[in-house]
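Once you've looked at the hints, dock chain A against the given chain Y.
Each chain, letter by letter, is given below.
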Amino acid sequence: MKIRATQAIMECLLEQEVDTVFGYPGGTILNLYDELYNYQGKIRHILTAHEQGASHAADGYARSTGKVGVCFATSGPGATNLTTGIATAYIDSSPVVFITCNVTEPMLGKDSFQEVDITGIAMPITKATYLVRDAQTIPDVMRQAFAVAATGRPGPVLIDFLKNVTAPSVEIDYEFVPWTQNRSCSSIQALSHSHELKSPEPDLEDIEILADMLAQSQRPLLICGGGVVRGRAHEQFRELAEKLDAPVAITVMGGGGFPGGHPLTTGMIGMHGSKASNVACSECDLLLAVGCRFSDRVALNPATFASQAKIVQIDIDRSEIDKNVLTDHHIVGSAKRVLELLNQRLPQYEHKEWKEHILPLREPSIPRDSQSLTPKQVLEVIRRLAPWDTIVSTDVGQHQMWSIQHFHFDYPGQLLTSGGFGTMGFGLGAAIGAKLGNPDKVVVHTTGDGCFRMNCNELATVEHYHLPIITVVFNNGTLGMVRQWQNLIYHQRYSQTTLDRGPDFVKLAEAYGLKGFRVTNRQEMEQAMKAALEAGCGCVLDCHLDMDEMVRPMVPGGADITDFLLK
Amino acid sequence: MKREFDTEKKLYTLAILVRDIPGVLSQVARLFSRKGYNIESIVSGETDRPGITRITIVILGDELMVNQIAAQCRKLIPVQAVKILEEGASIQREFALIKVKAVDRNARDEVIQMSNLFRANIIDVGRDTLTVAIFGDKDKTGALIGLLEDFGILEIAKTGTLAIERGRSTIYDDNKLKEEYNYGKNVL
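The listed protein sequences derive, respectively, from chains Y and A.
Quick note on numbering: the first sequence equals residues 3 to 569 in the numbering used here.
Quick note on numbering: the second sequence equals residues 2 to 189 in the numbering used here.
Excised from the complex, chain Y in its bound form (with noise of 0.2 Å):
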């Protein structure tokens, strides 16, 4: 059948059944946003204020529903905005495809207006980059974008259509194949005879060592990393902790693989990480980290972590296995899978002493009662009177730190916050993809005055889509996470971290449309908290906090993981 190139990518969305799309319109991207037109009433697109919001949205989305985000653009400035959504999206293995336009063939490498070379730009932090010069082919790219972002280990993948390609006079041969019988099309049986579609199947050989290894541990201690929640294996990894029983240290990524409130949990691992955990991990005779890469906010000094254990890495991604830290074994496999075979190959074992050694160093989390408001009580009403699946997204810094901390995260997908690129601004585009991807649930966003400031325009499609989205502002008047360094590591000396200047963010959010309210102390916050959850619309609660307000525990990079600088 022949159809508009253009209607060949709208239809290519719609097998991969896609129902929402973020994006920003444009010269070169005009044919396609055209065919959007016809599309409305199959393809939701959601306008955000500026590129980058659009990114994070489509990773957020991703991240909260497991399903491939999607995000348009145009060329040039438009393209290039997204890159750091891209990288975002990258380094945190969030499944997402973007689609840009560039100019016309005739065009290319004259430096037209609002032309640049995307794919390029984008190689080093996508899993894979498509320029599309022949219309011909817009059916296999689609596909083989949608396979290569969702197998494996998922990741965001680029593809840049020329103008000409989508101009309206352009038709191809086009027959819809839904996504789960396109394993028969030319482009992905391509990409199947280089490269594996589906997640490698574990060494079986290698699943009895490992069941070995745990049966002569004395003092096993579990990771539960990022690939936890991305291959959704959270019920998988439970089985495993609990037949083992041993304790649970939780990377940033890993953030809803396993339930925060678990008796075995030791919390949060890494330079904030508890003690319980940071001491565990240098006490454990054996290292179980599932879907973990052990980057350098974990594993801050490669030498001497976990001396003491050998190490066991279970990764989808082979390139990752001894990448960071060298490790006694390892099996390459989705961690749903290696648990799964795993699981069945263990008795239950009772690990009584060593809990009892670690589990009481994880110190309850109480704020402490205190005058004027702090970051602890502040999240304390919010995990009080929010419902227990609140989505929470956080931005980067101080705030997200004491996020993680004393939220207690229980499925994949509750936790969307940027842990690997350390995106300041992703905060409250991740909460608008996560509020369209899962309406039902209360999304709350945590951010602090800086984080706020560099994306706070997103709170217009806030508005626009009469999303109730929460917003937490840390409000300490500073770039709290860098003056902390300053403080403890640069003698106190504040270089360009104090932000002694506007906006009132209470007006700002009545000048968008929404609520905004002032919180001072802990009575304010709860009211205010009360008042936002029955509100039905945005808000944004200015939380005032005392500046030099510190994230505790702390591990300076590069140090031993029991170096605390702070208790």
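These are computed hints drawn from the structure, not numbers from a lab.
One or more hints might be untrue.
Unchecked claim - To give an idea of the chain A side of the interface with chain Y (calculated C-beta under 8 Å), a few residues:
| # | residue |
| --- | --- |
| 1 | 28 |
| 2 | 35 |
| 3 | 72 |
| 4 | 81 |
| 5 | 189 |
Ideal placement from N, C-alpha and C gives every residue a C-beta, glycine not left out.
Chain A only, in chain Y's frame:
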């Protein structure tokens, strides 16, 4: 037990099969540079299979680093296969064209003699220059270039190292060498 990796820095040769699509060479080369590895030499050429190009890269590094870059390479979509070629188990050759000064008959005779000793060919003769073509391993071409320097080298055009395995085994083999973390096919 942690696997023992050879920590000595030496030259490793990687043979990489890629689909011949625009930008593929830069995609592979950029992977090396962004991971912080210096490419000593890179050669790209057609193979017996249509649409498939073979890229041969020599890098200076240790074993862990080479395994890591090979694993990273295997994730690239156009990459069909990656093989680390061991020095003893593979043949490595390079090709060089050397334009050398030969101002008088003596110099010319000497250059010709030297070239004969190295089984190199004189491929161009000018009034006061000779161009020598030499094919051999890195040591051989290096040695000849060293000797010709006495006469004054005007220009060198040289390829990087090409390599192929000895014996029956080829890059197309689906070799499940666990040490290389190669469980058969590339993964995404």
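Hint by hint, which ones does this structure get wrong, listed from lowest number up? none
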